[in-house]
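J.: The listed protein sequences derive, respectively, from chains A and B. So for the first sequence, the UniProt record's numbering puts the first residue at 1; every next one is plus one. So for the second sequence, the UniProt record's numbering puts the first residue at 1; every next one is plus one.
Worth flagging that the hints you see were computed from the coordinates, not collected in a lab. This one's a predicted model, so the numbers in the text were calculated from it and none came from an experiment. Each statement offered as a hint is correct.
Partner residues aside, some chain B positions facing chain A, computed with beta carbon under 8 Å:
1. R63
2. K311
3. H341
4. A342
A few chain B positions that, by computed beta-carbon distances, are all more than 12 Å from chain A:
5. P126
6. A284
7. A389
8. R474
9. P584
10. K737
11. V881
12. H976
13. D1008
Glycine is no exception: its CB is placed at the ideal position from the N, C-alpha and C atoms.
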Amino acid sequence: MDPIRRTLLGQLARLSAGAAMVPLSSIASAGINQQPPRREGDPSKRYGMLIDLRQCIGCQACTVSCHIENAAPLGSFRTTVSQYEVEHQESGEVATFMLPRLCNHCENPPCVPVCPVEATFQRQDGIVVVDSDRCVGCAYCVNACPYDARFINERTQTADKCTFCAHRLEAGLLPACVESCVGGARIIGDMRDPESQISRMISEHRDALMVLQPEKNTLPQVFYLGMDERFVTRPDAEPVALEVLDPHGQEMGYEFRH
Amino acid sequence: MAKTSMNPSRRRFMKGAVAAGGAATFAAGYSDPLLKMAKGVTGSAGEKPEHRIHGNSLAPEYRVDPESGELTLNPDQRVAFTVCYGCTTKCGVRVRVDNESDQVLRVAGNPYHPLSADEQLPMRTPVAEALRGLSAYGDQGQQNRSTACARGNAMMAQIDSPFRVTHCLKRVGGRGGREWQKVPFEQVIEEICEGGDLFGEGHVDGLRAIHDLDTPVDPESPEYGPKANQLMVMEATDYGRSALLKRFAFNAFGTRNYGHHGSYCGLAFRMGSGAVMNDMGGFAHVKPDIQNARFIMYIGSAPSQAGNPFKRQGRLIAQARAAGTLEYVIVDPGLNAAASHADDHNRWVPIRPGTDSALAMALIQWLLDNEGYARAFLALPGQAAADAAGEATHSNATHLVIDTPEHPRRGRFLHASDLGQAEAGSDADLPMVVAEGELVASDAVMAAELFVDREVELADGKNVRVKSSMTLLREAAHEHSLADYAEQCGIPRATIVELARRYASHGRRAVVNCHGGMMSGNGFYAAFGVQMLNLLAGNHNRKGGSAEGGGQFNGVGQGPRYDLANFPGKRGPQGVFLSRSRFPYEKSSEYQRKVAAGENPYPARAPWRSLAPPTLTEHLPSALDGYPYPIKAVIGCMANPIYGQAGLEKMVADKLKDPKRLGLFVAVDGFLNETNRYADYIVPDSVMYEVWGFTGAWKGNLGRMTTACWPVVEPRQQKTAEGEPVSMESFFIATAKRLGLPGFGDGAIPDADGNLHPLNRAEDFFLRAAANVAMQGEPLPAADEGDITHAGLAPLMPRLERTLKPEERGPVAYLYARGGRFEDFQDHFEGENLTSAWKRTLCVYNEQVGTSINTQTGEPNRGVPCHGLPPLADGRAMREVFTEEEWPLLAFSFKSNLMNSYAIGLERLRMIKPYNPVMMHHRDAERFGISHGDTIRIESPGGSVVALALVGEGVMPGALGIEHGYGHRDLGATPHLIDGESQPDLEWLRAGININDLGFKDPTRRVDGTWLEPISGAAVRQGLPIRVTRLEA
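Bound-form chain A, shown alone (with noise of 0.2 Å):
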């Protein structure tokens, strides 16, 4: 990454992401904030996950393989990958810019203190899940997310987003973009534990680590590493996927709107 180009966002970006990391062994399951206390999963393990950019191809496999996993309804997703042309400040040269995207099982979630039902809540293993059997549908936390990683499964019309794959690490199997991660992008990992790829990666890396919206004070657990500050804001591009036309030029709109 060229230098000139950090900014100041940049570089809360990348405090964020550190100071993320010191709290984690006194956090445990106190409420910080406004957030309730966490509930269930395993409290001597916080999960997390490191993004390498340099590693990911863009190949969607991460995409896809979720939405199986996961029974996601069409058109919706846990995760995906967007593709941005970007054009190099200096020299002029375009390239592509790959940004997976999922659920940031922030230290601070925004989601969770707004379910007026506590349907949403936060593992002690910092997983943010949806309790379905409490959940009413009425989407605040989904709009609650800067990151915009809920959605509202149109067939149980609860709120539906990442959980990490929760049901396979508990199985102690891999979720499923990780498995199928065509670069070897996406590492998963306790980072309670030193040991872990994820733990020694961090601090390997941790002056490159970025995170997205780090003004949000979210402090979101899904570390890039390659980023480009201009990304960690929501980048201003149209989703140019959703116009499809006929061969007669007729628009015909997204299949999977809901």
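Start from chain A and add chain B according to the hints.
T.: Relative to chain A, chain B alone:
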């Protein structure tokens, strides 16, 4: 799923920062849930999911204890290893199957498989241990992954697709009418074998009548071979089942005519590679050793966007980015996923479509002028010198070529026999070189002069001019100036020089790679030139250079257990291919007749291509026009040339519909595509995960490997009267048996002791091939119970028992338990050299090419790469006929990392990328009054399509990029009527455009043909002349 009318503001795109994939983002989650906010009750009104937290997520296939690593299988599921048909990479995958429903739940990579795993596990690993290694236990599964790509994940939907054909069909009404009736399999076999008035349109010859091996198809041209050649068999590609198809076509029925998709896939590239590698038969090609290379130029090939092997190249380039070991350049008209902004050691260099030969020759010129080549290696005149220098092979750079135009041996290497120093064709008849000013045999010296141009007196006293291969190359490279080349290809001269300098600076760890970008009008010479850069770097067989790959364990030859290549009564095909390839026109009766009549034999009525393999691009149009001879029947297996070959449909659709031009068209396929829509009969086929077969790797893997596939789920289609699934195999078996052809039925497969075994069902063939693979060399050990259980082999074991000899069953189960046989991961280098090296003399000058003749112009072809403007068949430049004034832009296609030519039915891919807007440079957009997001019409000399313009910087000015895989008219895009019942009508499958609809008939041909590359006969899809206009909304 109602149509949504688009908000006009949606049409304002961000310029320069455009989501070009995975674009249906999370934003979709915002749509209407706000409406439900007032509900105010606990619990949801929707379907109750399986689990309050995990929703409807799949139950894990097994559990691994985080402390002990102990693995417990989920008794409701099984995991089995087979192959993916999502593209031609043919990765080994692990398939999770629900035992009760026999549904595939999800797919990932096979950890033993080199194309799916980071570092594949040794074969000796017990399967249970392999499964544990994929888990979170000790982070093992993410330190050494084995993956399936997005399409590989999504492909499972093919199995239960509503568009899948599961029953034999016979057309109702005229061909192409998309109306069918179900008929019994046995009726199909009877009707196609015996013929008759099958459709009320008059008599149709059946296969029995066509199967005439004694009567020439054309008595005036006996070289064309027998009437049996009037059956043409085509398939998409070898998905591991071709051996049985070819056994039927070539060796049982005895037709010459077979073709696959290669000629509209990457043939120009393969032939250009074959020219450098001295393999004009097999068209060997190489891939870069990404792990050890220091500098790679990808020209018309993009690791992680496309390329083969897709995942392996994508993964290696990703690792190299992170490790910082490699600098690479993507030269392509369009920006693609390989040019990554997350790392600074790579860049995209845009190039004008169809001008790669200009770039290649410019680079060659600079390298030759600046000694940027492997001088010592290229100076090695023969193998003795190579051995002494510790090199695996040598090149013909120093060999002398006779260059006197009127001499009968023009274009041949000067041999010792030409000088009377050896008997022609004897071992001593070596090519001659010059060393220290003297003419010497190539084995006599350890180094020879690279640049030679002199007169030589031959044994017959005549003087000829000879030039070394390097001199010929230098002459070709200097036919244009660097400035000219730069002007032609649109890459600034300074950039070309910089690329050449970087390339030279990395010595033998600099590599080039090319592929589908070479499918242009001058594609053969472009690929020849690009691959020449590898030879100039001297990087073949070198660490960090380019490698041919480890090859396969062949199961279908004369194996240690069974001889699957030979059988009693085997025949060999005779005669000339419909595509008139691999046969010199000068030996044809047509040529002889013209010469005898005192006429100029050139041009031939249509191109004959002595260097090219049989090409489907010529087969079908030529057959329908009866040149060199008409055909009577076509059997197509998963083939779809009408979708895949630029300009074909418009040219042949009406002819294909005419039963007088083609009597019988049988298609074996699980789906109704743009080509088999015109069939008379459809025979349903197994789709992936349901098939038997053996596949290899498309280079890029240095170890030897063979992937095994078997029906890990039960085929969904109807069964034959014998209870076997109707499929390609059962179709050929039943047809052969009815016709009484050898090689099928009882007594068809000899074992090593000469005893004969039956071929009555697919597994009779493939399980015996498995025994050959498992037991060649050092035989595999027997599988144990743990392997059988953990690899889900329970359904396979009874088949092994009823088919194989007791001593074969254990090793064969061991093979299937690992999804194939793979040489263990290891360092394939000894010092700087590859252990499984390519040994042939590498060609700076290719004698076979240099002595062949273009049958349309009568001119000899060049034996060294050279730059030329893309020509039409008669040699005129395309731009002379289709001028830039009239057709100002050039269209090019690129592979999608999601969609392929048969994936449009997969909704999980459509939901990510439902459409293919075309890439246009903002300068062109301004020129033609087009804005980002405008609807435009694209016209070519052959067609017209409507598209959406994606305006930006990510494409070469003057070029228009079209992602392949969309614009379907079949495969679900138009419903077919089966027994009066319509298939679903899903308009979404019709979205987008297909570049091949912009292809055109070559107006300079006399026998109809689309625009084809002259040497290879490859379909031209890169650089199609077009114009664009904005459509008013």
